[in-house]
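Top to bottom, those sequences are chains A and B.
Under our numbering, the final residue of the first sequence carries the number 263; numbering is consecutive throughout.
Under our numbering, the final residue of the second sequence carries the number 593; numbering is consecutive throughout.
Among the hints, a few may not be true.
With a Cα cut of at most 16 Å, we get these calculated EDC-like pairs of lysine to aspartate or glutamate [to be verified]:
1) K270(B) with D93(A)
2) K80(A) with D93(A)
3) K75(A) with D488(B)
4) K219(A) with D25(A)
5) K276(B) with D65(A)
6) K109(A) with D479(B)
7) K75(A) with D479(B)
8) K353(B) with D25(A)
9) K353(B) with D488(B)
10) K75(A) with E499(B)
11) K159(A) with E191(A)
12) K138(A) with D271(B)
13) K108(A) with D479(B)
Honestly, the hints are just simulated from the structure, not real lab data.
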Amino acid sequence: MEKIILSVKGLCAGYRNRRILDGIDLDIQRGKVYSIIGPNGCGKTTLIRAMSRNLRPERGEVFLDGSDIFRTNTKLVARKMAVLGQSDSGMSDITVRTLVEYGRYAHKKWWAGSDKEDTRVVDWAIERTGMSQLQNRKINALSGGERQRARIAMAIAQKPEIMLLDEPTTYLDIAHQLEIMELVSTLNREEGITVVMVLHDMNHAVRYSDELVLLDDKKIYTTGRPNELLENRELEKVFGVDAEILTDSEDNSPIFYAKRVRR
Amino acid sequence: MEKTAFKDTATFKIIVLAILSAAVIGGFILGNIIGTMDISVPDIIDTIAGNHTGTNNKVIWNIRLPRMILAGLVGINLALSGSILQGVMKNPLADPSIIGISSGAGLFGIVILVVFPQWQNFVPIAAFGGAMLAAGIIYILAWKGGIDPTRIVLSGVAVSALFGAGISAILVFFSDRVHGALTFMNGSLSSRSWGEVQTILPYTVIGLILALMFADKLNILVLGDDTARGLGLNVELTRLGFTALAALLAASAVSVVGLLGFVGLIVPHSIRLILGNNYRIMFPATALLGAALVMLSDTFARTVLSPTEIPVGIVMAVLGVPFFLYLLRK
Chain A
1 MEKIILSVKG
11 LCAGYRNRRI
21 LDGIDLDIQR
31 GKVYSIIGPN
41 GCGKTTLIRA
51 MSRNLRPERG
61 EVFLDGSDIF
71 RTNTKLVARK
81 MAVLGQSDSG
91 MSDITVRTLV
101 EYGRYAHKKW
111 WAGSDKEDTR
121 VVDWAIERTG
131 MSQLQNRKIN
141 ALSGGERQRA
151 RIAMAIAQKP
161 EIMLLDEPTT
171 YLDIAHQLEI
181 MELVSTLNRE
191 EGITVVMVLH
201 DMNHAVRYSD
211 ELVLLDDKKI
221 YTTGRPNELL
231 ENRELEKVFG
241 VDAEILTDSE
251 DNSPIFYAKR
261 VRR
Chain B
264 MEKTAFKDTA
274 TFKIIVLAIL
284 SAAVIGGFIL
294 GNIIGTMDIS
304 VPDIIDTIAG
314 NHTGTNNKVI
324 WNIRLPRMIL
334 AGLVGINLAL
344 SGSILQGVMK
354 NPLADPSIIG
364 ISSGAGLFGI
374 VILVVFPQWQ
384 NFVPIAAFGG
394 AMLAAGIIYI
404 LAWKGGIDPT
414 RIVLSGVAVS
424 ALFGAGISAI
434 LVFFSDRVHG
444 ALTFMNGSLS
454 SRSWGEVQTI
464 LPYTVIGLIL
474 ALMFADKLNI
484 LVLGDDTARG
494 LGLNVELTRL
504 GFTALAALLA
514 ASAVSVVGLL
524 GFVGLIVPHS
534 IRLILGNNYR
544 IMFPATALLG
554 AALVMLSDTF
564 ARTVLSPTEI
574 PVGIVMAVLG
584 VPFFLYLLRK
């Protein structure tokens, strides 16, 4: 099996006449967790939308296991790659279980209903995300954290090799943020799903990622392991803040504490 | 595990479908027995069995039976069209008559009827062309990196006004030939018979089959474009296909009864309130309620001021406008 699962080459993308990404090259290695971070408006969401074939790039390609995702049958792509965008419009009064069943769409023939395998995977996805108790509840009756877990259950019901998440913890309180981060991390470790996510919280990114992708002004500023980036003070440069790197007294992991805006 | 609320059980859904089926049968029988001549149920059965000799049999066979069947088919088409459009356009107010799809079909249909009457057989095809053109214009006007529900309705209203003006212009320029075009404007089932049934029936059958077959694709589309694509749905093709299907259903209805509004608004929403948003159940339920509603409304329109008939479109508007305002305020 190839070591590189997803590969972005010479990507330029934007909306209308506004270029938001200019020449992005990025290789995602199988089995790792990547976090894309960077200041507001640097193109994080644009990058993840292009990587998930939701935005057609002006130039450049995205390869999933060597095949161009914009030229591959979208169902075949969906069997390997699951995507959770920021918005979750429309899915109001369906139950959690129904939503998770939609995750099997790419594996079904259009005339066929759910077979045993589908039911088994749906059960597994619901169980894995801790939604068993809530599987018959309507999506619009869930709290923010539960809703996000339901969406993750839908994504893993695709049985993906790689999962792309755009700000999975936005709008959640701190306990639910951690719960989602733990869930994503567990899925990576135990199910071997490669994860690429956009995160706002620096410390989540540092703690839960194998690699950080630091974006700044349409380009990749740098990539590397969290510790390297912290040691080299890269985060401070890009975000324009003065910060202190503290150490967690329990496990010695670094804590990024931004103190003031750089003038 | 939490207990499922009764409203979400399969039993409840089956009961609702049974009630709707009963309403269709009831509406059908009622429409055949009442009128200037009251006719008994045995007469109807006798007629359907093949006896067309007596006066009552003739009234049923030539007038009431085809009219009720047509009312049912038109109801199915408009209700399905509305529920599809609400999904693909992400707007609860998307009804073929409100957003101009029906006016597009109507304009093209009227041009054929009034200007090229020798090509009358092409009315449904022309109407479909008009409906697709209207849908295309709505998308072009409303598209800005994605579909915004508000822009859809605003551009729909504009398209509706534009094609409506076109219809008025035709009626003015060809005022000597507009015999019958006035009832076309309001939507009427008056003096429709088997010919119209034959025209619309294939579209209803095909439309119903396609809608039921691909219901899950629409379920996934309403999750949002990015999510749907992530799940492996071909979003563009699905949206185009369903828009064409909605246009076809609306256009075939317009070709036989003219501009009949609000069916595609009232019916899907009532069903949504009762059964929820799953299109697999919504499609059969909206088809049944649409058929029942148009049959009952037409019977009412035909008998309330007897012997004068009012166009069923007026009854639908009386029912539909308050409903529209209710949705706007919700």
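Here's how the hints hold up against the structure:
Using a Cα cut-off of 16 Å, the hinted pair K270(B) and D93(A) holds, with the two alpha carbons roughly 12 Å apart. Restraint check: the Cα-Cα separation between K80(A) and D93(A) comes to about 28 Å, which exceeds 16 Å; the hinted pair is violated. Restraint check for K75(A) and D488(B): the C-alpha separation of about 14 Å stays at or below 16 Å, so the hint holds. With a C-alpha separation of about 9 Å, the suggested pair K219(A) and D25(A) falls inside the 16 Å cut-off, and the hint holds.
Restraint check for K276(B) and D65(A): not satisfied, since their Cα atoms lie roughly 44 Å apart, outside the 16 Å limit. Annotation: proposed proximity of K109(A) to D479(B) holds, straight-line Cα distance about 12 Å (limit 16 Å). Straight-line distance between C-alpha atoms of K75(A) and D479(B) comes to about 15 Å, which keeps the hinted pair within the 16 Å bound. A hinted pair counts as satisfied when its Cα atoms are at most 16 Å apart, and K353(B) with D25(A) does not qualify at roughly 36 Å.
For the proposed pair K353(B) and D488(B), the alpha carbon gap of about 11 Å is at most 16 Å, so the pair holds. A hinted pair counts as satisfied when its Cα atoms are at most 16 Å apart, and K75(A) with E499(B) qualifies at roughly 14 Å. With a C-alpha separation of about 10 Å, the suggested pairing of K159(A) with E191(A) holds against the 16 Å cut-off. Annotation: proposed proximity of K138(A) to D271(B) holds, straight-line Cα distance about 10 Å (limit 16 Å).
Between the alpha carbons of K108(A) and D479(B) the distance comes to roughly 11 Å, so the proposed pair stays at or under 16 Å and holds.
In summary, the structure is inconsistent with hints 2, 5 and 8 from the numbered list given earlier, while agreeing with the others.
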